[in-house]
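Student: Each chain, written out:
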Amino acid sequence: MSYFLRRLAFYVFTAWAALTINFFIPRLIPGDPVSALVNGMRGQIDPAQIQSLTVLFGLDKKQSMWEQYTSYLAQLARGDLGISFGNFPLPVSEVLTQALPWTLLLIGVTTVLSFLLGTLLGVFAGWWRGSWIDGLLPATTFLSSIPYFWLGLIAVALFTGVGSFLPASGGYEPGLVPGWSGEFIDSALRHSLLPAATIIVASVGGWLLAMRNMMVTVTAEDYITVAHAKGLSERRVMMNYAARNALLPSVSGFGMALGLVVGGTFLVEYVFSYPGIGLQMLDAIAKHDYPLIQGIFLVVTLAVLAANFLADLAYMALDPRTRKEG
Amino acid sequence: MKTDPVLEIKGLSVDYGLGNQAVRAVRDVSLTLNRGEVLGLAGESGSGKSTLAYGLTRLLPPPGVVSAGKVIYYPPGGEPVDVLSLTPAGLREFRWAETSIVFQGAMNSLNPVYKVSTQLIDVLEAHQPGMSRQARTARARELLKMVGISEDRLDAYPHQLSGGMRQRVMIGMALALEPKIVIMDEPTTALDVVMQRQILRQLVDLRKRFDFSVLFITHDLSLLVEFSDRIAIMYGGRIVEQAPASVLYRDSLHPYSDGLLHSFPALRGPRRDLVGIPGSPPDLRSMPSGCSFHPRCPKAFDPCSVDVPVLGTPADLQGPARKVACWLHPIRNSAD
Ligand SMILES: Nc1ncnc2c1ncn2[C@@H]1O[C@H](COP(=O)(O)OP(=O)(O)OP(=O)(O)O)[C@@H](O)[C@H]1O
Ligand SMILES: [Mg+2]
Chain A
1 MSYFLRRLAF YVFTAWAALT INFFIPRLIP GDPVSALVNG MRGQIDPAQI QSLTVLFGLD
61 KKQSMWEQYT SYLAQLARGD LGISFGNFPL PVSEVLTQAL PWTLLLIGVT TVLSFLLGTL
121 LGVFAGWWRG SWIDGLLPAT TFLSSIPYFW LGLIAVALFT GVGSFLPASG GYEPGLVPGW
181 SGEFIDSALR HSLLPAATII VASVGGWLLA MRNMMVTVTA EDYITVAHAK GLSERRVMMN
241 YAARNALLPS VSGFGMALGL VVGGTFLVEY VFSYPGIGLQ MLDAIAKHDY PLIQGIFLVV
301 TLAVLAANFL ADLAYMALDP RTRKEG
Chain B
1 MKTDPVLEIK GLSVDYGLGN QAVRAVRDVS LTLNRGEVLG LAGESGSGKS TLAYGLTRLL
61 PPPGVVSAGK VIYYPPGGEP VDVLSLTPAG LREFRWAETS IVFQGAMNSL NPVYKVSTQL
121 IDVLEAHQPG MSRQARTARA RELLKMVGIS EDRLDAYPHQ LSGGMRQRVM IGMALALEPK
181 IVIMDEPTTA LDVVMQRQIL RQLVDLRKRF DFSVLFITHD LSLLVEFSDR IAIMYGGRIV
241 EQAPASVLYR DSLHPYSDGL LHSFPALRGP RRDLVGIPGS PPDLRSMPSG CSFHPRCPKA
301 FDPCSVDVPV LGTPADLQGP ARKVACWLHP IRNSAD
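Chains A and B are the protein sequences, given in the same order. Just so we're aligned: 308 in UniProt numbering is position 308 of the first sequence, and the numbers increase by one with no gaps anywhere. Just so we're aligned: 68 in UniProt numbering is position 68 of the second sequence, and the numbers increase by one with no gaps anywhere.
Same shape as in the complex, but just chain A (with noise of 0.2 Å):
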């Protein structure tokens, strides 16, 4: 319990960290970029939207540093980020739980996918060392050597293209408005079958490799062969004591993974024109969206710290030696 909130602490800490460097990098970047754009665009921004920039930039150059950070982080506890100059008049909270849901599902659940398929083959790879699944290895450690950029693009050329049932780019269908209507969740999962494949493609070779290897290395732990002396199955000494020691250096490794799930993108989503986080983010660089920018690495890091606290807890759960009894 105590090694619990140890860790909690640490990435609550973190986090405040996060938003506090979020908080002066604008304000040390020589020049005024955004007051420039404020000015630009007045007029058309109403004034409430012009005091939340203000707040996060630091426009107002009257107010002292301390004032400035206390209505910073207080704008922010209310999710306001301010709006994006490149989605007008839309807030940059508004653009980000749009582009969220789509990078979270297709990049998240692949993600685990790859991590769990890959796991699994290193399992039985490790443990059949030999047999035609440790023969898949020098095939998978191919495919995830290829360049991601370079993979995604031959994957298009190759199934996509006139009368293809995979379409070549987007998340659905032009047409259709976003919602739970049969027909749109349809063309979204048509949408995301080339991307997700291959994400798994380009990322189970890692996970096997690894899962194998520390396989290979624990199978030749005293307490296996006790296992097997024990008379225990075979299912049992591979999973129950072989498996589930060889996952534990995975497991941080998967949290190394999910965190990069939201700022890790921009790849896949630049080739398949995928309506994520990593197409916005390069789209929100191109225009000069500043607070979308900035809105985009508040989230990225969070999800990082996220996706690390959760492997710390899994990590936890799984080994024992890491939990200080009291």
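Among these hints, one or two may not hold up.
[Said to hold, decoys possible] Straight-line alpha carbon distances no greater than 20 Å define the calculated EDC-like cross-link-like pairs of lysine to aspartate or glutamate that follow:
id : chain 1 : residue 1 : chain 2 : residue 2
1  : B       : K115      : B       : E125
2  : B       : K145      : B       : D122
3  : B       : K115      : B       : E151
4  : B       : K115      : B       : D152
5  : B       : K145      : B       : E178
6  : B       : K70       : B       : D122
7  : B       : K115      : A       : D222
8  : B       : K115      : A       : E221
9  : B       : K115      : A       : D319
[Claimed, not checked] Facing chain A, according to a computed beta carbon distance under 8 Å, are these residues of chain B, among others:
id : residue
10 : W96
11 : F103
12 : A126
[Stated by the list, open to error] Partner residues are not named here, just some residues of chain A that face chain B (Cβ under 7 Å, in silico):
id : residue
13 : Y223
14 : F297
15 : P320
These are computed hints drawn from the structure, not numbers from a lab. Just so you know, even glycine gets a beta-carbon here, dropped at the ideal spot from N, CA and C.
Mind docking chain B with the ligands on chain A? Use the hints.
Tutor: Quick look at chain B with the ligands alone, frame taken from chain A:
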């Protein structure tokens, strides 16, 4: 001495590797474990003691393979079992229920992610599926008590136990199904001398209560002299001498046994000079011709480097059953 064998090893050979890469770590070993006795197996590091234990329980890690021989288990009042030709399912049933092992690396013999109770109980689950949960837990508690560990350690994880406690847990676990044979491969080597003796004394008590046989492997001959009934000495993969413990201690026939006896200070009995054995154990890849001990043997003479001496009862002795493989003590005849 009555001979009521519980386990018979006949001409067992174990190789590591296949074809001409293979090294033979155990050579043509024949050994009988009698009901209720403690048979000690001693020899320098690398003499093949663990390999023999792994071989007869079919736990050899690759690339180890049994290349010749038989292992026969005699269940009380049942048909003899040919251990080496058991089917996988039969082998699983045989393991732990008839023959359990406490391993050399007992420090790492417990799975670090499961509680002691889980690891005691899963062997009961595997072998006695009919047992109720309460009965299993009660049995686990009883096993811990048997080896002198308080019951509240049932919920402990291995890393929360001391080395000696882990060792006791392993011994308790080894007795979970009341096997007829317990193999102990240097079960106490990593512990201090006081703890070693305490655990061994406990083991001797338990053996009296539950009447199992022990194959006790160690390189510390003085321990065996104290705790075992018979001792077999291993060198270069072969058994070179075999005798009742007290006889071997008083009057060993093989120069190697003699050297071993003088390599350890005896805790009891008269002081002996520590001499040790000059030279180093043989290389399995290029074993000396004849008796593999002859390059290091102070008493080597002509036949030693030419012919391999066969293990048998020496002609110059009438005493209790003992065997030696040494040209100084030619065997009686080939009938043995
Ligand atoms: N996996 C392996 N591959 C090749 N050779 C091996 C392997 N394991 C053991 N050996 C060899 O087999 C011989 C016997 O090893 P073994 O472990 O049985 O010795 P031991 O008598 O138990 O020694 P110790 O007292 O150190 O435990 C040694 O020479 C060793 O080098
Ligand atoms: Mg050994």
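Student: For the pair supplied as a hint, K70 (chain B) and D122 (chain B), is the alpha-carbon distance within the 20 Å limit?
Tutor: violated, 30 Å
Student: K115 (chain B) and D222 (chain A) were given as a pair; does the straight-line alpha-carbon distance stay at or below 20 Å?
Tutor: Answer holds: K115 (chain B) to D222 (chain A) is near 17 Å, not above 20 Å.
Student: Hold the hint about A126 (chain B) up to the distance rule: shortest CB distance to chain A must be less than 8 Å.
Tutor: Holds, because the Cβ-Cβ distance from A126 (chain B) to chain A comes to roughly 5 Å (cut-off 8 Å).
Student: Just to be careful, I want the Cα atoms of K145 (chain B) and D122 (chain B) compared with a cutoff of 20 Å; is the pair within it?
Tutor: Between K145 (chain B) and D122 (chain B) the Cα gap is close to 18 Å, so the pair holds against 20 Å.
Student: Does F297 (chain A) meet its interface restraint, that is, does its C-beta lie within less than 7 Å of any C-beta in chain B?
Tutor: violated, 38 Å
Student: Is it true that the CA of K115 (chain B) sits at most 20 Å from the CA of E151 (chain B)?
Tutor: holds, 13 Å
Student: Against the 20 Å threshold, does the CA-CA distance of K115 (chain B) and D152 (chain B) hold or violate the hint?
Tutor: holds, 12 Å
Student: Does E178 (chain B) sit within 20 Å of K145 (chain B), going by the straight-line distance between their CA atoms?
Tutor: holds, 15 Å
Student: So if I understand the rule, the pair passes when the alpha-carbon distance is 20 Å or less; does K115 (chain B) with D319 (chain A) pass?
Tutor: holds, 11 Å
Student: Is the interface hint for W96 (chain B) satisfied, with its Cβ closer than 8 Å to some Cβ of chain A?
Tutor: Cβ of W96 (chain B) sits 5 Å from chain A, so the hint holds.
Student: Straight-line Cα separation of K115 (chain B) and E125 (chain B) no greater than 20 Å?
Tutor: Between K115 (chain B) and E125 (chain B) the Cα gap is close to 15 Å, so the pair holds against 20 Å.
Student: Against chain B, run the beta carbon of P320 (chain A) and see if the smallest gap drops under 7 Å.
Tutor: holds, 4 Å
Consistency note: the structure conflicts with the earlier hints numbered 6, 14.
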